[in-house]
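2 protein chains.
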Amino acid sequence: MRRKSLSGAACPIARTLDVIGDWWSLLIVRDALRGMRRFGEFEKSLGVSKNILTQRLRALVSQGILERAAAADGGAYREYHLTAKGRGLFQVLVALGQWGQENVSGPAGRRMILVDRKHRQPVRKLEVRAGDGRLLAPGETMMARLD
Amino acid sequence: MRRKSLSGAACPIARTLDVIGDWWSLLIVRDALRGMRRFGEFEKSLGVSKNILTQRLRALVSQGILERAAAADGGAYREYHLTAKGRGLFQVLVALGQWGQENVSGPAGRRMILVDRKHRQPVRKLEVRAGDGRLLAPGETMMARLD
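Quick mapping for you: the protein sequence lines, in order, are chains P and R. Position one of the first sequence corresponds to residue 1 (my numbering), numbered consecutively onward. Position one of the second sequence corresponds to residue 1001 (my numbering), numbered consecutively onward.
It is worth saying that the hints were derived from the structure and are not from the lab. These numbers were taken from a predicted model, which means no experiment stands behind them. Quick reminder that beta carbons are idealized off the backbone N, C-alpha and C, glycines included. A few of these clues could be false.
List of simulated lysine-lysine pairs, BS3-like, C-alpha gap at most 25 Å [as the list claims (entries may be wrong)]:
| id | chain 1 | residue 1 | chain 2 | residue 2 |
| --- | --- | --- | --- | --- |
| 1 | P | 125 | P | 85 |
| 2 | R | 1118 | P | 125 |
| 3 | R | 1125 | P | 125 |
| 4 | R | 1085 | R | 1125 |
| 5 | P | 125 | R | 1085 |
| 6 | P | 118 | R | 1118 |
| 7 | P | 85 | R | 1118 |
Residues from chain R shown here face chain P by an in silico Cβ test under 10 Å; the list is partial [what the hints assert, rightly or not]:
| id | residue |
| --- | --- |
| 8 | 1030 |
| 9 | 1036 |
| 10 | 1057 |
| 11 | 1061 |
Isolated chain P, as found in the complex (with noise of 0.2 Å):
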């Protein structure tokens, strides 16, 4: 089923649905930030076809969110690094896991929540914050005209 395009759409969040909105680029992204950089790493995290985990790479690479390097060991096998545009999808994980975290439930024993590394203890829960520091709900937010 071919998707519709939204690269031109207006509103920042299609475009970028447009760029990453399919769950294995996500996923992907998920992993490399973790500190995956090999296609046999992410396709045991993933449980995902070479087929498709191939196609999703060279999509990663192509949108400019990972890029293709030499190992780092010397080794015969490339590795893919997150860019700074890749890496800037820290957040979007970050509030995918939290409301995942509060809104749909786990396998019970083997749930996984993402932690401060210094302290292990939990990151604090995204807050959207006016330029003055207030929190905004939904509600006393709205999209506006950029130029």
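On the provided structure of chain P, position chain R as indicated by the hints.
For chain R alone, kept in the frame of chain P given last:
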């Protein structure tokens, strides 16, 4: 193509994508956060077929993200209202929008950004912070077992 189910995943990001991991669902929630409530409003905003919109609204209701209610004006149409679970997706949408603003160029002359309704100033960039308030980069966080 049948997607692999991630509903039982240990990772809360994966569970979230299992529930709202498609474009239309997130764009419907975006519009509902902006105050839209009627089928016809969503249809006009999204430019989507009645078939797909009906499916997605039904899925969002069955997931407890939207609920059906009688029209506020006493008219014959049913409305779709966000539940607390649905309003909780605000941070996800803000994160997606901010990434799009920074990384995916929109159509000149009609780009939109999220602003504080009171002062019409851009909303602050979302920040990931530790319990003690420290700003956290991706490498300063990790996934840990909750139970």
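Going through the hints against the structure:
no. : hint               : result
1   : 125/P with 85/P    : 23 Å, holds
2   : 1118/R with 125/P  : 24 Å, holds
3   : 1125/R with 125/P  : 14 Å, holds
4   : 1085/R with 1125/R : 23 Å, holds
5   : 125/P with 1085/R  : 15 Å, holds
6   : 118/P with 1118/R  : 38 Å, violated
7   : 85/P with 1118/R   : 31 Å, violated
8   : 1030               : 6 Å, holds
9   : 1036               : 12 Å, violated
10  : 1057               : 17 Å, violated
11  : 1061               : 15 Å, violated
Hint compliance for this structure: hints 6, 7, 9, 10 and 11 are not met, and every other hint is.
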